[in-house]
Amino acid sequence: MKTVRTLSLLASGSLILTLAACGGGDGEGSSGEEEGTTAGGTTITWWHNSNTGDGLEYYAQLAEEFGEEHGVTVEVEAMQHEDMLTKLDAAFQAGDAPDIYMERGGGELADHVEADLTMDLTEVAAEEIEQVGGSVQGWTVDDRVYALPFSVGVVGFWYNTEMFAEAGINEPPTTWEEMYGAIDQLKAAGMEPISVGAGDSWPAAHYWYQFALRHCAEQTLTDAVKTLDFSDQCFIRAGEEVERLVAAEPFNRGFLSTPAQSGPTSASGLLATGKVAMEMQGHWEPGVMAGLTEDGEGLGDKLGWFPFPEVEGGEGDPAAQLGGGDAWGVSADAPPEAVEFVRFMLSDEVQRGFAERNMGLPTNPNAGDAVADPALAGLLEVRDSAPYVQLYFDTAFGQSVGGAMNDAIALMFAGQASPQDIVDATQAAADAEG
Amino acid sequence: MSSIPIARRGDAQTPAGRGSRPAGARRRDWRMALEIVAFTAPALLLFALFVVWPILRAVQFSLFRWNGFGPLVDFVGLQNYASVLANEVFTDAVVHNLIIVVASILIQLPLGLAIALLLNRRMRGQGLLRTIIFVPYVLSEVIAGVVWFQLLQPGSGALEAMLGLVGLEGPYQGFLGTPSLALPTLIVVLTWKYIGLAVLLFLAGLQGVPDELVEAAQIDGASWWRIQWSITIPLLGPTIRIWAFLSMIGSLQLFDMVWILTGGGPANATTTMATFLVNEGTKRQNYGIAAAASVVLFVIALAMALLYQRFVLARDVAAADVPRGVR
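One line per chain: the protein sequences are A and B, in this order.
Each residue of the first sequence is one higher than the one before, counting from 1 in my numbering.
Each residue of the second sequence is one higher than the one before, counting from 1 in my numbering.
Hints in this document: simulated from the structure, not taken from any laboratory.
Do not take every clue at face value.
Partner residues are not named here, just some residues of chain B that face chain A (Cβ under 10 Å, in silico) [as the list claims (entries may be wrong)]: (1) 69; (2) 178; (3) 268; (4) 284.
All residues carry an ideal CB built from backbone N, CA and C; glycine is no exception.
All chains, please: the whole structure from these sequences, using the hints.
This is the structure in structure tokens:
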């Protein structure tokens, strides 16, 4: 009978410990980063999300090159994208952020700046900022630049050219009417038209963003980011378009629990393995798909890309694009070598290597012509000719509002939210933020 | 019997009044107090540092609006609690937790008991069978979760392939993607995962059932069923009660399996209190809301644990105290 008491003690103990683990960090800001001047010289830490294939290898090679040249040790940690975001948040709270990290801009960056977590690069990397040009806008807070964008792209449809041809679709659709026609043709040919990782909610949310971009005037969107006011009717119309699309059942079986890009059964995996004809995804897609196929090729030369089709009667510029990118940020108390490293990452040579490996869309203009993949080259053209690139809404609005918005949109994909519900949920989260 | 422990305590505290105690006894009192302090201090310190302090911090966080960075400045009083309790996703999560608590006990108790009684009989391959039943419990939750996730994939999963062999087709969104099926599917996986613990505990408890009682019943002509029902299961009572307690607490805190299989979805059909607070905290950076939810979870779990201890386990604990004094 002694065991009874021991077990119940154990039980309450583990209960309390588990709860305690949820407590959260200490608000002391950055305090760590004392690794630095050990016998072996400076160590800088670098987190990135190119955790598969060529990208992983290339970044490891760059870290070594830079390390040898500058007599520092670059400690690289490559993580899956979602894992990296979670770890990064935790690291920032604990004041233990890596020296070099991926900064996505928008509301998140504003939070980081306000909490003094990230370094002002305006002067120390002036040359690179000048060279990158307008793309740094997304990483600028009060006219100070806090991160160097190394890849900026737009969201569009990646498709399997072979499957399109087989279904008798000769030209990628340019309007939604054509798109619905293509969906029917693909279905008639016995194919699943589109994969979407609604299990992760943001890939589903991108549809709503895209329709909002087409339906809302630029000024309405710019104002919404600042005032967090979503009362304009164009946001309702975006929801109605998504509703119509979901009702047409173009998506892969089980899309509600499909993850975005982890594993061969993810939305990207389904496209990469020829299970679906297309997927709407960002510029990182070829790299992700390459990592999800055995031969490391993804769809190879069967991969095509077309921008989000036009809608009828929208107030938005039909050439405007939804997009965003990744930038290298430097944490506030990183050693000067970390700044050197991000400048190195923006150099012609590194950016060209980056482009040649289809890892993204280089922001350094001297590297644009190195984009090897014809699909990506087409995307680059669309990006450069867009009147403006709207940053992903969830990034622009910050995680609190963006998360509520994404979850409400995912509910619509499950048939459990109306266009008005999405606006209400977003507005409620925005109001709660004060 | 109850007089024995009192008599033992008597040698430390003389029955006579305080003032008239001999000096030697007082010195011994001091030494004893010192011993108690010395031996419990490390444990108490750890408890305070890793249990009490984080709980107090969580309560503190729950009173502020805080995005995880910088100092706590935006005091909002009980507003986070109000918004958590008014949030349908959270109240649904509480309901999901309670469903899992009840379902776990209702399914695993009879099933676990049946398996334990079967495995308690002498038979060929007993060791192997016991191992097979217990392996899922030992397996890492993440690994088990990923394996099940792949098995349950719509279209390509093994389960669907098996259904196909008998001419059936799985649901369009798959078992984890259909809101009405996701929670039952989760409960099946949890049963598979945790039945091993129930069986193991019950088997251990069965070793404590004295053979004489069983033999006596056999001599009286009782059938196997009769013996199980009237002797074995009642004597297994304390073990069952402590298992149910462990199961209840585990179900209330359930996080990892849900996170891997569904992430709380589809359409919040499988959210638990723990996935809610992690989602609000690490994903949306509403740490005040997350802290408030964690305090609510803590209060619910604590209240249920205390009530259970008071009304269900009290008997066992009282019974356990007496023999300790004797031995």
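Results for each hint:
1. 69: 3 Å, holds
2. 178: 8 Å, holds
3. 268: 8 Å, holds
4. 284: 4 Å, holds
No hint from the list above goes unmet by this structure.
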